[in-house]
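A.B. asks: So the protein sequences, as listed, match chains A and B.
In terms of this note's numbering, the first sequence opens at residue 7 and continues consecutively.
In terms of this note's numbering, the second sequence opens at residue 2 and continues consecutively.
No wet-lab data here; the hints were simulated from the structure.
Possibly wrong hints are sitting among the right ones.
To be verified - Lysine to any residue pairs mimicking SDA-like chemistry, simulated, CA-CA at most 20 Å apart: (1) B:86 x A:346; (2) B:75 x A:29; (3) B:67 x A:266; (4) A:29 x A:144.
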Amino acid sequence: MMLDMQSEMILNEYREKLPIYEKMKTVILQLLRTYLDENHVIVSGLEARVKSEQSLAGKMELKSYKYHSLEDITDVVGARIITYYCDEVDIISALAEKLFEIDWENSVDKRKMLEIDRFGYLSLHYVCRIPEALYKDPEIPQINQIRFELQMRSTLQHVWANMYHDIGYKSDVEIPLEYQRNMTRLAGMLELADEQFSHIRKEINGYRRMVQTMVTNGNFDEVPLNGDTFRSFLKLMPFKNLANKIAAINQGEVYEDNLMPYYNVLLHMNMKTIGDIVRMCNDYSESAYQLALIQLAGTGLDIVAYSVAVQNLCIVFILEKGYGEAGLVRLFEALYGENDYHQQRAKRIYEQAKKINLI
Amino acid sequence: MIVTINKQDEKTFVVLDGRVDSSNADQFQKDVAPLMEGDNTDIDIDCTNMTYTSSQGLRVFLLLQKSVSSRNGKMVMRNMDPRVKEVFDITGFSNIITIV
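Extracted from the complex, chain A is given alone in its bound form (with noise of 0.2 Å):
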């Protein structure tokens, strides 16, 4: 590789700078990962990477006119902030904006450059400095001045640049026309399908908040029984007062276990809407708490699970419903697997159904 004299002064600089650079790497990828921690941001990837000496010359080679000094190439520390959703960016950006000194005449918002009937690089990026009153090290004063570039894309932006690097700079010939219509075709595929990954996750957040709406408010015979449903009734506490009042038998307490468990078991006994769980609940309290007070009374057991409400209302549900030992066993099954003690428990607790007239 052939570089004018400037270039290789500009390479010097870099190798005596290179301990501040690596430093400085550090610090960003920390800064950005407690900051968005704090800020209860999930992204798919960060990542942080000193600029290569074989890059940098590189890159001098191909636009030694640009450069006049080491300042003036502002990516030799580079981050990368990948998200999940391509809205998020937006998101990320606004923190970044926050966090660090955006040095925006060079900043560039590369989704923003493309022509209408163009398709390709889709990123953010923003030439940064680290401000004094978020990290300083006397020592290292550079540390604050020098500015480094962060990248901010979506997922799929992130797999379209990477796979266009690969295809397009390692080659070493021109690409035919044919194949670069074929790549541009590519990113207008995962531009649409990152923007459609994000429509499908607004409207499910959008179903999800609808849902819980709806079950905070009581309107328990409109709410489909499902997995997100279920896990919002159980935030209502819906069994408590059972559970207390078994817990009660002994003077006992309650302990809180997960009740998801019973999600399926409750599909199971074909309950379509979160109001069939409320009517069994109003329906079959009673004579849940009925079978616990034969089964606990006189044991000094003074420590029940909260699923022990739950537990019984099927119970009873399943007997009142005509299911009989059969129906007891598959309970179990559903519950806990095959096990030999099912048939035996099935039998004992059918026989207390019988001493309080349950069948």
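Since the structure of chain A is already known, use the hints to place chain B on it.
C.D. replies: Okay, now just chain B, sitting in the frame of chain A:
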């Protein structure tokens, strides 16, 4: 209650013999305390000779289960006498602890 703990490779085997009630629950908790730390995350408890557990015993099993879960481990109780299993069933503890 006699507690025997054996570690084989990555797995910890525990054998319980006797009953847990208010008279020995504190000692039982001390006996199983080593299982609540370190790399004891895959615990297999043989209950063949366990004859009874009171709610004090249930609380110790709950502590053990929570400790194992917090370390992303797995705890299984096996060969439980039906009368002991009934205690776990009627309190809902069968929903918390894996019994095979």
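A.B. asks: What hint numbers does the structure not satisfy?
C.D. replies: Those not satisfied come down to hint 2.
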